[in-house]
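Visitor: Let the sequences and hints guide you as you build the complete structure.
Mapped onto our numbering, the consecutive letters of the sequence shown carry residue numbers 1 to 60.
I should point out that these hints are in silico values taken from the structure, not numbers from a laboratory.
Wrong hints could be hidden among the right ones.
[Unchecked claim] Computed Cβ-Cβ distance ranges for the label pairs, DEER-style: (1) 4 with 41: 51 to 59 Å; (2) 15 with 35: 27 to 35 Å; (3) 12 with 38: 35 to 43 Å; (4) 37 with 4: 40 to 48 Å; (5) 7 with 39: 27 to 35 Å; (6) 25 with 4: 26 to 34 Å; (7) 23 with 3: 25 to 33 Å; (8) 41 with 3: 27 to 35 Å; (9) 11 with 31: 34 to 42 Å; (10) 39 with 14: 47 to 55 Å; (11) 15 with 37: 28 to 36 Å; (12) 36 with 3: 44 to 52 Å.
Beta carbons are placed, not taken as given, at the ideal position from N, Cα and C, and that holds for glycine.
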Amino acid sequence: MFFLFFFFFFNFFLCLFFLPFLYLFFFYLFVFFYFFISFFFFFHNNDSSPSYKKYLLVYN
Numbered sequence: 001m002f003f004l005f006f007f008f009f010f011n012f013f014l015c016l017f018f019l020p021f022l023y024l025f026f027f028y029l030f031v032f033f034y035f036f037i038s039f040f041f042f043f044h045n046n047d048s049s050p051s052y053k054k055y056l057l058v059y060n
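Guide: If you want it as structure tokens, here you go:
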């Protein structure tokens, strides 16, 4: 009975404190890599993308 109580208590606190930080960590990692890859491809293949040239023509 004590083991069962300890098990549910430990799972409750693990889900309450540890898993949200883990989900936030992976979420921010995914967002960071998404923006990093998108900006890298936006600024580094301007010779082959016509949208970037169109952006330069319109806004400059």
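Visitor: It remains to establish, for every hint, whether it holds in the given structure.
Guide: Results for each hint:
As the Cβ distance of residue 4 to residue 41 is approximately 53 Å, the hint placing it in 51 to 59 Å holds. For residue 15 and residue 35, the hinted distance range of 27 to 35 Å is satisfied, since their beta carbons lie about 29 Å from each other. The beta-carbon spacing between residue 12 and residue 38, approximately 39 Å, falls within the hinted interval of 35 to 43 Å. The hinted range of 40 to 48 Å is satisfied by residue 37 and residue 4, whose Cβ atoms lie roughly 47 Å apart.
Take residue 7 and residue 39: their Cβ atoms lie about 46 Å apart, and the range 27 to 35 Å is violated. A beta carbon spacing of about 31 Å between residue 25 and residue 4 agrees with the range 26 to 34 Å that was offered as a hint. Between residue 23 and residue 3 the beta carbon distance is about 28 Å. The supplied range of 25 to 33 Å therefore holds. Look at residue 41 against residue 3: about 53 Å separates their beta carbons, and that is not inside 27 to 35 Å.
Under the hint 34 to 42 Å, the C-beta atoms of residue 11 and residue 31, about 29 Å apart, miss the expected range. Separation of residue 39 from residue 14 is about 36 Å and departs from the stated range, judged on CB atoms against 47 to 55 Å. In this structure, residue 15 and residue 37 meet the distance hint of 28 to 36 Å, their C-beta atoms being roughly 32 Å apart. Look at residue 36 against residue 3: about 46 Å separates their beta carbons, and that is inside 44 to 52 Å.
Checked against the numbered hints given earlier, the structure breaks hints 5, 8, 9 and 10 and satisfies all the rest.
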